[in-house]
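Listed in order, the protein sequences are those of chains C and H. Residue 6 is where the first sequence starts when you use this note's numbering, and the numbers rise one by one after that. Residue 6 is where the second sequence starts when you use this note's numbering, and the numbers rise one by one after that.
Hints may be right or wrong, so weigh each one.
Any copy, or any two copies together, can satisfy a pair, since identical chains are not distinguished.
[To be verified] Distance condition first, Cα-Cα at most 30 Å in a straight line; then the derived DSBU-like pairs of lysine-lysine: (1) Lys112 with Lys210; (2) Lys90 with Lys178; (3) Lys112 with Lys100; (4) Lys210 with Lys101; (5) Lys96 with Lys170; (6) Lys157 with Lys41; (7) Lys112 with Lys96; (8) Lys210 with Lys41; (9) Lys150 with Lys41; (10) Lys170 with Lys254; (11) Lys150 with Lys27; (12) Lys112 with Lys41; (13) Lys90 with Lys41; (14) Lys27 with Lys178; (15) Lys27 with Lys210; (16) Lys157 with Lys27; (17) Lys170 with Lys90.
If you're looking for bench data, these hints aren't it; they were derived computationally from the structure.
Number of protein chains: 2
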Amino acid sequence: MTVIVIAGGSQPEIVEFVNLAKNFYGEQLQFVVFDKADNIDPNHFWTYYHCANDQEVAQQAVNYVATGSGQVLMKGLIQSHILLKALVQDKFDLKKQTLLSHIALIKLPQAANRSFLLTDGAMNIAPTTTTMIEIVDNVLVVAHKLGIVQPKIALISSAENFNPKMPSSVLAKEVAKHFQDQTTGLVFGPLSLDLALSPQAVQRKHYHGPIMGDADVIVVPNIDTGNVLYKAFALFAGAQVGGMITGAKVPVILTSRSDTAQSKFYSLQLALRQLDTEV
Amino acid sequence: MTVIVIAGGSQPEIVEFVNLAKNFYGEQLQFVVFDKADNIDPNHFWTYYHCANDQEVAQQAVNYVATGSGQVLMKGLIQSHILLKALVQDKFDLKKQTLLSHIALIKLPQAANRSFLLTDGAMNIAPTTTTMIEIVDNVLVVAHKLGIVQPKIALISSAENFNPKMPSSVLAKEVAKHFQDQTTGLVFGPLSLDLALSPQAVQRKHYHGPIMGDADVIVVPNIDTGNVLYKAFALFAGAQVGGMITGAKVPVILTSRSDTAQSKFYSLQLALRQLDTEV
């Protein structure tokens, strides 16, 4: 039995999402919802706790997973920063890694339905070398949990040539150097997006390297790059997208207002695959 | 009669591209090719000039447009920086605006075949407020030449809320402020990509603003954001993409090795629409 704790969940979008999840996982999942609004669960899908305001919603939801009663935390329709502020409070002792980072799972129909991870398009604004090393550490854990033994991790810049005038190129080179003797993953960069994800582009450019259109992970140099990429894939490339925050002791699903119920469901699947128990 | 000058053009890819252009425009276009390799033109498509090396290719090609013998400059398979170095030399007097910037034209089948411009994913690495104002000035000229009287210009950040901690958000706010009384275009930001380009996302987020999924121009906060976006649209969203450098007295087509002949042709169409004479 796995318990999903939703902070701010008494909304039609969440009912639709829980419906999808219940249909797929049946009684393997239980849902606990904290909200300041009235309980709108029509079918006794979830256990409901009423709170006075968004701050209490966040505190109660985080406390529920911190005490071990829930295994996955999910943001409903409260604001991200309110939930994240509660999540990192010392009293809950929920931080596992030094850094929290966002990881998206993207399945592209155009690339033979291949899936890859994208990080970080939602949490860390302008990573330094140290921050990006931690972002890679976090995504290595997630990739391994997904069963990718030695993930190919592409550090994205605008081109594959090292360019000292291009900050993303310098960042990629430094981070790749840090991981050069790592055997749990292949960390390579700078690399452009086409060479990281498209075997056709690799062929057209006659490119040879350790990653040739077959990256398992895309690491972007800044939040704006990841954010537009996530949105372009989701809105214009027909991709299945899900996302979560990693680095805490429980996976945290951070849905956006513009995510569909289906996309929330993919996020749940990604989060469940991070747990040690099979769901 | 319009003359297209190609620097480094004696390659099969360029023959294929010139074929496409000749089929479409017939005798309205003439091509002049500078190269250090042998002339491979099989059908007397172009006038050919042999050069000693890439530097001479660049000098001769730029000189040809500077003296008024050619109306469009196109990079073939020489390196961009060699051509650009020649282009900005004072002796040629080819700079019109203070800044050269890259502009792509993107037609997305998913968005009812709507076209929009994307700038700058290829030239300016990390624009300051001043640089981004010049990027917007350049794209205003191009949009007007395309017949868009008052283009809706979205300054992209990761979200539509102003966030002082997010450099792209601060940049967008400052640039939008600079253009607030401008009547030749509507310059607005910060705005997220989904709200700039997708009416469906606007609807789902209940968003209201001067741009609601109907942007004519996407201005990105840094080169990496524009570069991945261009590549994602071209490779995974089935978009038609073309691109050029603006700010010089002649349009400059800067093709990439991974561009198809078709994409080079779209770039030519975009460039031709910048000329005062009809082609």
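Which of the listed hints are broken here?
4, 6, 7, 9, 12, 14, 16
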